[in-house]
Amino acid sequence: MNKKFVLGIYDDEDVLLTAIENIRAAGTKIYEVFSPYPIHGIDDVLGIKRSRLPIVAFFCGLFGTSFALWMQIWMLGFDWPMIIGGKPHIALPSFIPVTFELTVLCAAFGMVITFFIVSKLKPTLRVNMFDKRSTDDKFVMAIEVKDGVTDMAALNELLRSNGAIEVNEKEVVK
Amino acid sequence: MTEERLIISRKTNNKFFLMIAVGIVLLIAGIILMATGGGAEHHAEGHGEAAAAGHEAASWGKRLFMNLWLNNVYFTGIALIGTFFVAVQYVAYAGWSVLIKRIPEALSYYLPIGGVLMLLIFLFGSHDIFHWTHEYLYDVNDPRYDPIIAGKSGYLNTAFFLIRMVVYFGLWIMFFMWLRKNSINEDIHGGTDYYHKSIRISAMFLVVFGITSSTSAWDWVLSIDTHWFSTMFGWYVFASWWVSGLAAVTLTVIILKQNGYLKMVNSNHLHDLGKFVFAFSIFWTYIWFSQFLLYWYANIPEEVIYFIDRLGGNEGHYKWVFFVNLLVNFVFPFLVLMTRDAKRQMIMLKIVCIAILAGHWLDFYLMMMPGTMRTSGGIGFIEIGTALTFLGIFLLAFTKGLTKASLVPVNHPFLEESVHHHV
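Just so you know, the sequences run in chain order C and Y. If you count the first sequence from 1, position 54 lands on 54 in UniProt numbering, and the numbers rise without skipping. If you count the second sequence from 1, position 78 lands on 78 in UniProt numbering, and the numbers rise without skipping.
Fair warning: there could be bad hints in the mix.
Claimed, not checked - Below are the PhoX-like pairs computed for lysine-lysine, each with C-alpha atoms no more than 25 Å apart in a straight line: (1) Y:LYS319 <-> C:LYS87; (2) C:LYS132 <-> C:LYS146; (3) C:LYS146 <-> C:LYS4; (4) Y:LYS257 <-> Y:LYS275; (5) C:LYS49 <-> Y:LYS257; (6) C:LYS29 <-> C:LYS49.
Stated by the list, open to error - So the derived list for chain Y, only partly shown, Cβ under 7 Å to chain C, looks like this: (7) MET177; (8) TYR295; (9) HIS422.
In short, the hints are calculated from the structure, not lab data. Because the structure is a prediction, the values reported are computed rather than measured. Just so it is clear, CB atoms sit at the ideal spot from N, CA and C, and this is done for glycine as well.
Produce the entire structure from the sequences given, and follow the hints as far as they go.
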């Protein structure tokens, strides 16, 4: 199915940020904004919720801690008890370095893998390029057009009055 | 940018004086209690001294000097961290911290007081604090001759110790005043010359600090346990000072903000301060553990004695301090400050900062008391009284420093960046 988008092209970061605020205030839903570099504060004006990735990281880390402690206590305390350096079988301080490493490893890998899954990043991913200039020196704001619902003239006017230097239309194959 | 002047009312100042007065009263009460209650032990001290040095019950004088030393080392460290923080921000070309930079600057106003007190306490209480100051340890014909300590006499002797102390304070105070002078002149005259000059001064200070923070830790804290040594000790004391200093800065920012000052400081600045406190409480734990693990694992008598003194030794007197130290300084800040929201809200940050400040006082307590007070150590009127007195003196000097200049460094070239700081 094809989707139609109206693209507002901006060439100034500050103009873009105010435009986003005004356009959202006017009740228009913004599909996505493309920028050559990360813009401070754009998440807030776009109304993007904070990522819940840290929560995943915490639980992955907790899993790493528990797994490492369980593994060492079970191996050295129960499955194959050994006396090392005259210490007790379950010598907690000597387990800490491994526990630390596994905590960090699990938290890091868990976070990266979750990020890939959530953002659907995979080798076969095809990304639509709305406007090539968004990788160079322009900011591109994409607004989805719903046939029969969106008033194209008004949308054009809204974008231009908020500082868009160009307004284009683009059809994208989904 | 507008200036912001802090006004410390007479009432607030009186509170600090009251703090000192209450502290001294508690201190005297504690001394009287100990001198009258511990009379019997006091008597026995004379008998056992020659035969078993170190096994006698410590006198109130020893306890008093230990407490004076403990608090002065702790507060001098926090004061020194003030200049260190400013210097780090300068050499890192940091912009975010400009709005709060006057607070660490003012922390260092305690340095001259700390220097004088340090000298006085050492001159009057050196035998109570440092075992190595006893002459007989170096006399081969004396039965109490100690070959290990005698071997260290090239470094650990009173004259060199005093010279080093004077040099540390001389250098620290010089760099503090130099940086402060430039900072205030910048307020008056503007321009970027003062900024560039400050970066050069800071770079010099950091070299000096890198060496003196370690050597002063050996001198003032490590040499209390004269036989023992640790190559991590300089770092350990630095980590403790640094995180307490950061907590002090953060706590002051929050208190000033709650009283209507520092209007341009927002949750983004708090977030960065919170990250600093969070990160360096973990750093402290890392150093703590690195030191502990090696000694515990190797289990060599002359090394592990340090931890035995603090765990099962001394009749288990310090066991609770040992574990509370870890709970308050690692587990608590680690779990509480982990989320982003906790670092951006004043209330959580405030609780953690207070806990860290108390916790690292306890950390220094654990470094100093087991080696000197042995089984007669404790936390009573003398400890609380001395700590309150020092806190009062510290706050008087600190707030006086804060009132001396605008809280906003109006002509700092990075001020605008700091105002718009966003994380």
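Each hint tested on the structure:
Note on LYS319 of chain Y and LYS87 of chain C: the hinted pairing holds, with a Cα-Cα distance of about 20 Å set against a maximum of 25 Å. Between LYS132 of chain C and LYS146 of chain C, the direct Cα distance comes to roughly 24 Å. Compliance with the 25 Å bound is thereby established for this hinted pair. Of the supplied pair hints, the one linking LYS146 of chain C and LYS4 of chain C holds, its CA atoms being roughly 7 Å apart against a limit of 25 Å. In summary, the hint linking LYS257 of chain Y to LYS275 of chain Y is supported, as the alpha carbons are separated by about 18 Å, within the 25 Å threshold.
A hinted pair counts as satisfied when its Cα atoms are at most 25 Å apart, and LYS49 of chain C with LYS257 of chain Y does not qualify at roughly 28 Å. For the hint pairing LYS29 of chain C with LYS49 of chain C, the CA-to-CA distance comes to about 15 Å; that is within 25 Å, so the pair holds. At about 38 Å, the closest approach between the beta carbon of MET177 of chain Y and any beta carbon in chain C exceeds 7 Å, and the interface hint on this residue is violated. Checking TYR295 of chain Y against chain C: minimum C-beta separation of about 10 Å lies over 7 Å; hint violated.
Here the hint on HIS422 of chain Y is kept, as its CB sits about 5 Å from the closest CB of chain C, short of 7 Å.
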